[in-house]
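Starting from the structure of chain U, add chain H where the hints point.
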Amino acid sequence: MTKRSYSRKFVIGSSVISALAMLWLVLFCLGVFNPVWGEVQQLQRAREIINRHYMEPIDEAALTEKLLITMVEFLEDEWATYLTQAEYEEIQRRNENRFQGIGTRSVRDEYTNEWIVSETMPGSPAEEAGLRSGDTIVTIEGISTGLQTDQERAEIISSNYGGSVNLEVRDLAGEMRTVVVEVRAFDVNPVAFEMLEDNIGYVRIYNFRRPSGRETIAAIETLQEEGAEGIVFDVRNNPGGGVNEVTQVLDRLLPEGEIFVYADYAGQETEIIYSDTEYLDMPIVVLINENSASAAEYFAAVLQEFNQKMECDTITIVGVQTTGKGRSQQTHSLPRGGAIRLSTARYLTPRRRDLQEGEREERGVRPDVKEADEDFQLEKAIQILIGKLILS
Amino acid sequence: MEHNKRYSTTSLIVCVAIGVLAGFVLSLFWFREVHGIGTPAWEEAKQLQEVREIISYSYVGKVDETALTELALAATVAALEDPWSFYLNQEQYEAHLNSIGNRQQGIGIYLERDEETNEVTVLEVMPGSPAEEAGLQPRDSIVMLEGQPTAPLETDEVRELIGANYGGTVTLEVRNPAGEMRTVVVEVRAFDVNPVAFKMLEDNVGYIRIANFDLRSGEETIEAIETLQEEGAAGLVFDVRNNPGGRVNELLMILDHLLPKGELFVFADYTGREKIHYSGPKYLDIPIVVLVNEHAFSAAEFFAAILQETDRATIVGMPTTGKGRSQILIPLTGGGAINLSTSRYLTPGRIDLHEVGGISPDVEVEQEDGEADVQLKRAIQELARR
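In the order they appear, the protein sequences are chains U and H.
Using the working numbering, the letters of the first sequence correspond one by one to residues 51 to 442.
Using the working numbering, the letters of the second sequence correspond one by one to residues 4 to 389.
Bear in mind the hints are in silico, worked out from the structure with no lab data behind them.
A couple of the hints might just be wrong.
Pairs of lysine-lysine, DSSO-like flavour, derived with a Cα cap of 27 Å [what the hints assert, rightly or not]: (1) U:Lys59 x H:Lys8; (2) U:Lys116 x H:Lys49; (3) U:Lys116 x H:Lys65.
This is chain H alone, in the form it adopts within the complex:
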């Protein structure tokens, strides 16, 4: 027969007491580890929790707690008073991810309302988009969308109706400028957009337009350079006007290709401690002109600044505004993300573009809206001079 050991009341009490103590210690330990009890952040969180409880229990009106949190997150980041730091809610975050990935969602057209016919008309078709694949052309009028006449709709409504079919297709009745009707079925999906466009201009001038320094801009730019060189380019014009910047590694890939061995890019924290990126020995020995304007930011400004500093290029256009802070995009577990300035960066000459307020072109040329591209014309002249 199995002998069952029995325990006395005293041992029971002792064991329960040990259990209680263990539970207490365990909870505090968990708390300390997970929530950093006692840290300054914790103190602030307690303050917030108190306020939230007061609002939640005492306020006379109804409160949308989620909206309040979203607002509080936005306010927290805004309180840094850094123009480049911001909070994104989930929806904005997804859109932002697409944007920095050089991805678009939809069918890939820009629409306008034709002033004469009052029809919804394609203004532009994005390269690589489903609309391009389906053969949509600029100046095509979209007469019907999924069997519904577009005449009474605003262009925004048309865009929304197309977007509602995401993951599938839309059927469009299209009339071309010649008046011929046809039916086009277009996929509605995400597609990659090439941030780099290039062509060979007269007199063997290679022209490369970099729309941003986001995903794939590095490899696409290098590919453009190589193609133009093969075609016999004697000089290059890099157009980074209206370029909002992008990723450091894309920028460095291009700079490494253009510049000889040396410092390329200097991260500096607020104490002045530096982290330096260097260029390899290979470089491009060809005259370069860079086009900038007041809407070139961040990586685009830096691109022009370092080429100016190393005297590798002539800078043509208008002064930039000066951004010298790099950001990272940090997703939050509850949805949304924070785009946060994490570092200052300096040119190899230790210039903080934010402090100096941007770069001044070697040749300042103003561009009026709607007139011929005088900045590009001047760039080509300067290239000949180099």
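Bound-form chain U, shown alone:
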């Protein structure tokens, strides 16, 4: 076997080429060849100048935070925000329908300034501990609530995270009791349902965050087993949520066809999500209002379009015109903490409607049956369903 051998030129040449390749590779990995690099360099030089010459030391992190807020505002994206690390964590939990604390909503007493529980969240430690709406919390950990600011109260509770807080509570009858409430994370079911009279199922979807898809389908199945002949889906005040969740529900309700269309800013379609053949064969009413946004109004829009396309009359949208939001957002965490949330895609209905296009009054979903009276919307929905059930 002959040994291979190389000339000096070849050896030196390959060494130099590999050195340059490595140089390029490292710089590439550091992002030097990215067009954004030059822009960032410009900013960094300004930062260096300020650091070196400004008359006082600078709080770098605060400066960056202010800068990020301004940059996000520049995008003219009404759904974009900068989030601090705490806000980001809060949002992450919220996206999972997870909360931290004791799980009460409360108001101040007009005269004593004490905290009155207005609602205990289902599944929360407060509910477990037996707190009820109307209870007055007189002290938290021995400190009178009438003398506390909102922030002080939040701090006392969060500082006991993982443990519990002692509350002195006065109920509506005026009787005092001591309640020990755990402070922890807890899950709240975004879906509630019940069977109404005349075999009408009622499904309330508070938001389309996880696990609303699974829970809604479970609710539909339970109601079907109990003999439901029509269902009211209530998405009033539903701020939206994830695409996965809403498409999961739409897939269950509708036969084969398009149920979600992603598009870029130029209107070019980038991805389409389809429904399978399985569907729910019963009359449906969807309740909407002006606070139904994003996934919630999209949900109503797709069902409305399906009904129009099929020229059938199984689905009716009742209530008030919705918000009109047609951008989906992503939240990106940042290396130094915090996050930015910005619109990363447009979405269109199967009939290629952008819910956010046009003037305010053209946006969103318009109900088939308008009912502005909040207290009468559900009743109207039930009437419509009963009418359909009799006809069929």
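Just chain H now, kept in the frame of chain U:
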């Protein structure tokens, strides 16, 4: 025959490995040196880069990257919350350079629309301007500009049309108040503006108006003082009303001329470390009154403050607002500049004008718009008292 040395595969691999290593080390070294990897500024830059990449790749809309950078630069400086620090884009920077150099661009006239004739009329001609050289006078009406009637144009449009001929000339058809028409050719160029004006008033009172402390204000003020002294001035009124301030060295040149040996000006950093400027032994032994008002800032306030502190002058007018921060103008490599507060400054009595909120005149005199100059009148009286 030349003997070519041959190398084995092993040596090739070793050499390539050394090359790779060298490239790696070289790039990191370059990075460290040039971009300060690992420094706090670098950490912040990484954070920004991440955001820019996210916006650039993920955002659903179109983004003007250059505009975003410009905005970010402005926001960075604004975040300091220092009223005297600001970002200038290239265009603003050039205008600012002209302004602090006491240079103007154009032909050097102020225009207004005559209410009666509705014609574009010269309100004022700047001294030393091409318009002055070409013989333009206040109250002249500009009827035609480059053959185009000015009647349908706004004064701003006229200004823009003139500016469009920068580096050349404009031809104007002008009517004077007597109704005589003439053609005037005026150069459109940069010209120096004298920030100092002076005259001898009655009773040998020398009056010097310093419009700003920018370029040439020092030498021009000293020249004005010397000329007035030669003409027999018995006292001087320095008018720094509406003077926005300017450069420290121009200010010091004047103060050095006015004040005896001693401290003149104290720079102080945030830790309290001082850098002091001193006056030479020569000084001006003549009564002085300084006119100030609420629109006198920075060097102008300081000028009044030190003369008050050393009891070299009586201060007449209205209290100033108080600026005690000095700035430098730093150009950025990619265009534009940052005007940045770099230091506090104190009077020799260690007073921070920013902290005390400006200076209080010895004699407070309010000036109503449109009425005779009562402040100057009072200044002359005070000068007689000194």
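Taking the hints in turn, this is what the structure says about them:
1. U:Lys59 x H:Lys8: Holds, at about 10 Å.
2. U:Lys116 x H:Lys49: Given pair U:Lys116, H:Lys49 holds - Cα atoms ~16 Å apart, limit 27 Å.
3. U:Lys116 x H:Lys65: Given pair U:Lys116, H:Lys65 holds - Cα atoms ~23 Å apart, limit 27 Å.
Checked against the numbered hints above, the structure breaks none of them.
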